[in-house]
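Protein chains: 2
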Amino acid sequence: MNKLIIPFFLLIIGCVNTSNENKTAFPFTLPEEMPERELSSAVKRLYTDYSSVHPQENELFSQFKYTELKGFDYNNHDGTITRRDPSKVIYENGKYYVWYTYRNTSLPPQGAKKCNDTIPSSDWDLAEIWYATSTDGFTWEEQGVAIKRPAKPNIGWRSVTTADILVWEGKYYLYYQGFMEASGTRGDDCPVTASWADSPDGPWTPVNEIIIPNGKNGEWDMYSIHDPYPLVYNDKIYLYYKSDFNGKEKKVRMQGLAVADNPLGPFEKHPLNPVISSGHETSLFQFKSGIAALVYKDGVEHNTIQYAADGVNFEIASITELMPYAAAPYIPDAFTNTKDGRGITWGMAHFINVSGWSRMNSMLVRFDCDLSQDIHDDEMKEHRVNHSPDVYFKQGLSKKQRERIFR
Amino acid sequence: MNKLIIPFFLLIIGCVNTSNENKTAFPFTLPEEMPERELSSAVKRLYTDYSSVHPQENELFSQFKYTELKGFDYNNHDGTITRRDPSKVIYENGKYYVWYTYRNTSLPPQGAKKCNDTIPSSDWDLAEIWYATSTDGFTWEEQGVAIKRPAKPNIGWRSVTTADILVWEGKYYLYYQGFMEASGTRGDDCPVTASWADSPDGPWTPVNEIIIPNGKNGEWDMYSIHDPYPLVYNDKIYLYYKSDFNGKEKKVRMQGLAVADNPLGPFEKHPLNPVISSGHETSLFQFKSGIAALVYKDGVEHNTIQYAADGVNFEIASITELMPYAAAPYIPDAFTNTKDGRGITWGMAHFINVSGWSRMNSMLVRFDCDLSQDIHDDEMKEHRVNHSPDVYFKQGLSKKQRERIFR
Chain A
1 MNKLIIPFFL LIIGCVNTSN ENKTAFPFTL PEEMPERELS SAVKRLYTDY SSVHPQENEL
61 FSQFKYTELK GFDYNNHDGT ITRRDPSKVI YENGKYYVWY TYRNTSLPPQ GAKKCNDTIP
121 SSDWDLAEIW YATSTDGFTW EEQGVAIKRP AKPNIGWRSV TTADILVWEG KYYLYYQGFM
181 EASGTRGDDC PVTASWADSP DGPWTPVNEI IIPNGKNGEW DMYSIHDPYP LVYNDKIYLY
241 YKSDFNGKEK KVRMQGLAVA DNPLGPFEKH PLNPVISSGH ETSLFQFKSG IAALVYKDGV
301 EHNTIQYAAD GVNFEIASIT ELMPYAAAPY IPDAFTNTKD GRGITWGMAH FINVSGWSRM
361 NSMLVRFDCD LSQDIHDDEM KEHRVNHSPD VYFKQGLSKK QRERIFR
Chain B
1 MNKLIIPFFL LIIGCVNTSN ENKTAFPFTL PEEMPERELS SAVKRLYTDY SSVHPQENEL
61 FSQFKYTELK GFDYNNHDGT ITRRDPSKVI YENGKYYVWY TYRNTSLPPQ GAKKCNDTIP
121 SSDWDLAEIW YATSTDGFTW EEQGVAIKRP AKPNIGWRSV TTADILVWEG KYYLYYQGFM
181 EASGTRGDDC PVTASWADSP DGPWTPVNEI IIPNGKNGEW DMYSIHDPYP LVYNDKIYLY
241 YKSDFNGKEK KVRMQGLAVA DNPLGPFEKH PLNPVISSGH ETSLFQFKSG IAALVYKDGV
301 EHNTIQYAAD GVNFEIASIT ELMPYAAAPY IPDAFTNTKD GRGITWGMAH FINVSGWSRM
361 NSMLVRFDCD LSQDIHDDEM KEHRVNHSPD VYFKQGLSKK QRERIFR
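These protein sequence lines map, in sequence, to chains A and B.
Numbering of the first sequence is given in our numbering, commencing with residue 1 and proceeding in unit increments.
Numbering of the second sequence is given in our numbering, commencing with residue 1 and proceeding in unit increments.
The shape of chain A in the complex, shown without the other chains (with noise of 0.2 Å):
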């Protein structure tokens, strides 16, 4: 047996240089593909790991972009109205269309303890499905509400937030977060439901059930299940979620995944949850023969533009930086099971906390990109942001760190 075996192990051998034994420097032209010699981790992973050597030929690689809209007012931003959270859009009748979520409450948000049936607890508390209408992107006509509250106790009684939108077989179907107790009670826990309607101008019908329902006790996503997000892909509905869990002290955020023939279910959860172990919202798209995800805010791979060919083993395409939060881009082939997915050039995002904490209010916004196939812009792929310095100067030490440094 012995015969037999060695000369395997020493093939192995004969195959890894393990001596750094480079005979020449690395060369002046980079290689675009990986170069026969023996290459320092960093090195190599620009081969095994990236669509290409350099940013700008990475189409998963994108600066993003920002133009504030016309059409909306917030009440010289005082805290008493906010948009925020926008749906992905999408374009019907000669037209783009967003849902979004809208507070229009005589005070701003005071907290879980001093709201009551008129007084928000937080941002998205007490409010509505609001939607609103476009021909370019950037002036918006609002359309007014999409989705009323329920009479209480239905699903949704005290606040519905965080729509998103589903076209499938001629219908409209809009999921989104029924809170059925003011947002900070515990924390900011909801399950998920739906209504649908034959036009995007609806009139919208509430199913009145969960959707997409909390995990079992003990379970990751036992609280809260936020930012449904449909998309239609290998002939069914996608419908990626975020939730909070690990209590307070330690707080995460990921993300998953739950699938269904039909849009109001039954959604099975992915048994590989959660799919996604960083970001806030939920911002996702089809890309080639997988989905595409922008990572941002919290987590160890925030900042990140991350891609799955399944769908649920997402890796890390790119690394960026500025990115919009709460992006909800405009997916021409979100809905067309498409095999090749074209990939995403802009959308929405929201600004949240634009006036401080005392006047607590957001505001849509739109952002633009170079995640697609279908055009090369050079100015967004750009490796870096410059910013002046008063963006740096902005982010200066508290009052603690200088004591912490002076002590």
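Just so you know, not all the hints are guaranteed correct.
Derived lysine-lysine pairs resembling DSBU-like cross-links, with alpha carbons at most 30 Å apart [as the list claims (entries may be wrong)]:
1. B:Lys216 - A:Lys23
2. A:Lys171 - A:Lys114
3. A:Lys152 - A:Lys216
4. B:Lys23 - A:Lys250
5. B:Lys44 - B:Lys23
6. A:Lys399 - B:Lys394
7. A:Lys44 - B:Lys297
8. B:Lys297 - A:Lys381
9. A:Lys297 - B:Lys381
10. B:Lys288 - A:Lys251
11. A:Lys400 - B:Lys70
12. A:Lys399 - A:Lys250
13. A:Lys44 - B:Lys216
Just so you know, these hints were derived from the structure itself, not from any lab.
Following the hints, complete the assembly by docking chain B onto the known chain A.
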């Protein structure tokens, strides 16, 4: 033979659960160690690729805070005075020392075609190495020139820039770029030379030799050896440097390592060079038994902090944002040959191009962070930088981009 081989393969198959058959959902309490269940790729990476599942418990994750320095005059930032590319900060004689590239010319940089003996081509042309001292790291006293430009044709006659400091057996060594043509003539070409002194206040004796030579024709570092950055590690001098290569169209910047037993060499370039695939200036420090690097601005793995247990094979330790450029930390154990590097809490960096291209100049700035085993600063460990909307809107669409979108 088959009798022995087959059970071996069965054993492998038995150990790897490939059927997505988790019998329970992921737990609400995030396990600190990798749990025995099948995991998605993203969640698995939390345990295999990072020192903690929580960014805030990762010693090599930090945000960065910025403070304007007192004590430096810039002629109202009219482009005639620049200070950039600080050295590591050292502490001697009861005060901190920093060296930097200093330019004081009658006109701002005019490009390689318009430059002459007194008009600079680039921001770092016709420069000298100056130094300053401080008792607190915030208010600095400029002490004047450390390294003048030598007479032509000595190394550095056109400009001496981008110095860094080594303390070795009671002597002080400054390594710096020695230009023998105006930057921009072909590219930004220079080798590295050095000067030494018995005191950080000088006088400095130039060695008048090339210490780190450019590579041979066709090698990655044939044109530039930038940002020489010496540390004492493994009983030797580990000098990291940067080179630009691959031509102008798709220029890349990577970092290499040269090792010597003595400050004036000979330095042997590492056979695995380049050892860092991304970033811009060199910014490294001893950490535990290895070397950590700040990697920013350019390349696939910008916005990361990396770690090499052997000083050569760097892995991503964390992903962050708004990093200091040309970061040059105060490293208390930079020259102690430590086997347990304690890390860094502050240093110097620069902002380039603070007045626009026509009045090009750069300024020094202080950064603070928590990349230290010896402090834990909650504010430095926040997952994200909160910017006001104007920071995003500043990154707006260009005219060219608006024309593409509205065409």
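Do the hints match the structure? See the list:
1. With a CA separation close to 13 Å, the supplied pair B:Lys216 and A:Lys23 stays within the 30 Å bound.
2. Proximity of A:Lys171 to A:Lys114 is assessed by CA-CA distance (about 41 Å); at most 30 Å being required, the pair is judged violated.
3. Taken as a hint, the A:Lys152 and A:Lys216 pair is honoured in the structure, with Cα atoms around 24 Å apart against an allowance of 30 Å.
4. Between B:Lys23 and A:Lys250, the direct Cα distance comes to roughly 26 Å. Compliance with the 30 Å bound is thereby established for this hinted pair.
5. For the hint linking B:Lys44 to B:Lys23, the alpha-carbon distance of about 18 Å falls within 30 Å, and the restraint holds.
6. For the hint pairing A:Lys399 with B:Lys394, the CA-to-CA distance comes to about 28 Å; that is within 30 Å, so the pair holds.
7. In summary, the hint linking A:Lys44 to B:Lys297 is supported, as the alpha carbons are separated by about 20 Å, within the 30 Å threshold.
8. For the given pair, B:Lys297 sits about 13 Å from A:Lys381 by alpha-carbon distance, which is consistent with the 30 Å threshold.
9. Proposed proximity of A:Lys297 and B:Lys381 is supported: the alpha carbons are some 13 Å apart, at most 30 Å.
10. A distance of roughly 28 Å separates the Cα atoms of B:Lys288 and A:Lys251; the hinted pair therefore holds under the 30 Å criterion.
11. For the given pair, A:Lys400 sits about 21 Å from B:Lys70 by alpha-carbon distance, which is consistent with the 30 Å threshold.
12. Restraint check: the Cα-Cα separation between A:Lys399 and A:Lys250 comes to about 24 Å, which is no more than 30 Å; the hinted pair holds.
13. A hinted pair counts as satisfied when its Cα atoms are at most 30 Å apart, and A:Lys44 with B:Lys216 qualifies at roughly 23 Å.
Hint 2 from the earlier list is the only one contradicted by this structure; the remaining hints agree with it.
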